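Use these hints to put chain B onto chain A, whose structure you have.
Here the protein sequences line up with chains A and B, keeping their order.
Position 150 (the first sequence) corresponds to 150 in the numbering used here; numbering is contiguous.
Position 7 (the second sequence) corresponds to 183 in the numbering used here; numbering is contiguous.
To be clear, the hints were calculated from the coordinates, so they are not data collected in a lab.
Quick caveat: nothing in here was measured; it's all calculated off a predicted structure.
Some hints here could point you the wrong way.
Partial chain B-side listing against chain A, Cβ under 7 Å, derived [as the list claims (entries may be wrong)]:
(1) Ile180
(2) Ser183
(3) Phe240
Partial selection, computed: residues in chain B whose CB lies under 8 Å from chain A [unchecked claim]:
(4) Val220
(5) Pro233
(6) Ile245
Note that CB positions come from ideal geometry on N, CA and C, so glycine has one too.
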Amino acid sequence: MTTRKIFRSAIWLLFSLMGIAALYFWLQVEFIAAVQIIVYVGGIVVLIIFSIFLTQQSGNEMPKQPLRRIISSALAVLFGFGLTFLQIWNYSFQPGTKSFDWTVAKIGSQMLSTTKGGYALPFEVVSMLLLAAMVGCIVIAMKTPAATNGKLKEEEIENIKIEKQKEVIITEISEV
Amino acid sequence: MSDIPMSHILFVSTALFFIGMYGLFTRRNMITMLMAIELILNSVNINFVVFNKYLYPEKLDGIFFVIFIITIAAAEAAIAIAIIINLYRSHRSIDVENAREMKY
Chain A
1 MTTRKIFRSA IWLLFSLMGI AALYFWLQVE FIAAVQIIVY VGGIVVLIIF SIFLTQQSGN
61 EMPKQPLRRI ISSALAVLFG FGLTFLQIWN YSFQPGTKSF DWTVAKIGSQ MLSTTKGGYA
121 LPFEVVSMLL LAAMVGCIVI AMKTPAATNG KLKEEEIENI KIEKQKEVII TEISEV
Chain B
177 MSDIPMSHIL FVSTALFFIG MYGLFTRRNM ITMLMAIELI LNSVNINFVV FNKYLYPEKL
237 DGIFFVIFII TIAAAEAAIA IAIIINLYRS HRSIDVENAR EMKY
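So that you can see chain A by itself, here it is in the shape it has in the complex (with noise of 0.2 Å):
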C-alpha cells in the first residue's frame, strides 16, 4: 500500500492474498481456500494487472501524496486499529466445544434447501446479480451497439448455463 509504482503494489497485493489463503488452509477450511486461489489470484489479480497495463505505463511513479493526508489517516489508521484490537483483546472468546466438520456435500445441500437455515433465496439473488453486472459490464464496455451487438448476446446467454463461479471469471474476461 505504500510503494509508488502501481505494479509492485498489484503484486504484493497477489501475495498478501496468497498468505489468506494459506491462513484458510491453515483453518482447514480448504473449500474457501481454493475458491480464494481461484477467484482472487486467478481472476481479479490478473484483472487489476491487466488495467494496469491497459491504463499506464507501468514503469511510471504515482505522484507523491501530500505530507498532510498521510499522517492525518495514519494517525486515523492507527487509533481506529488500537480502539478496535482493545475491545478484542478484552473480550474474552468462549469457543465451541464440537469440533468444525464441513463437507462441500453439506455446504452444497444447504445452499439449495428452501427449509429454515437454506440459502437458496440469498443463492438466487446473488445470480441475479452476476447476471446484471454482466450486462452492465457488456453494456459498459460496448463501444458501437451495431457492430457487436449479436456475438455478445450469444455469449451472453451461453454464460447464464455455467455454474456461479465459472460465471463470475467469464464476465471478466469478457469484460476485459
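Showing chain B alone in chain A's frame:
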C-alpha cells in the same frame, strides 16, 4: 492445532482491514483504491471463517457468507475495472481528483 487463540487471527484481520483503510484514505489512484477495497473484503472474510470455526462449529453460516462475499467482490471488481477503463478512455487519467464531471 487450534491451540492458537482466536484473538491472534483477529489481530491479523484487523491489521489487514486498517491497512486497506489507510490505502483508501491516502491513495487517489482508482486501481489502488480498488485493491484497498479487496483487502478490506478479505479481512471480513477471515473474520467470518474464524468466528464460524471457533465459536459456532456446528453451523456453516459463516462459510456461506464468505462465498457470497467473494462472488460479490468479483462482480464488483469486474464492473469497477470496466468503469475505470472507460474513464481512462475519456479523460486519459484514472485519478479521482480529475474525474469531476459525471457525464462527458
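Hints and how they fare:
A hinted interface residue such as Ile180(B) counts as satisfied when its beta carbon comes closer than 7 Å to some beta carbon of chain A; here the least separation is about 9 Å, so the hint is violated. Hint on Ser183(B) holds. Least Cβ distance to chain A is approximately 5 Å, under the 7 Å limit. Checking Phe240(B) against chain A by beta carbon gives a least distance of about 5 Å; that is within 7 Å, so the hint holds. The restraint placing Val220(B) at the interface with chain A is violated, with a minimum CB-CB distance near 11 Å, outside the 8 Å limit.
Nearest Cβ of chain A to the Cβ of Pro233(B): about 4 Å, under the 8 Å cut. The hint holds. Of the supplied interface hints, the one on Ile245(B) is violated, with its beta-carbon coming no nearer than about 10 Å to a beta-carbon of chain A, more than 8 Å.
Of the numbered hints listed earlier, those contradicted by the structure are 1, 4, 6.
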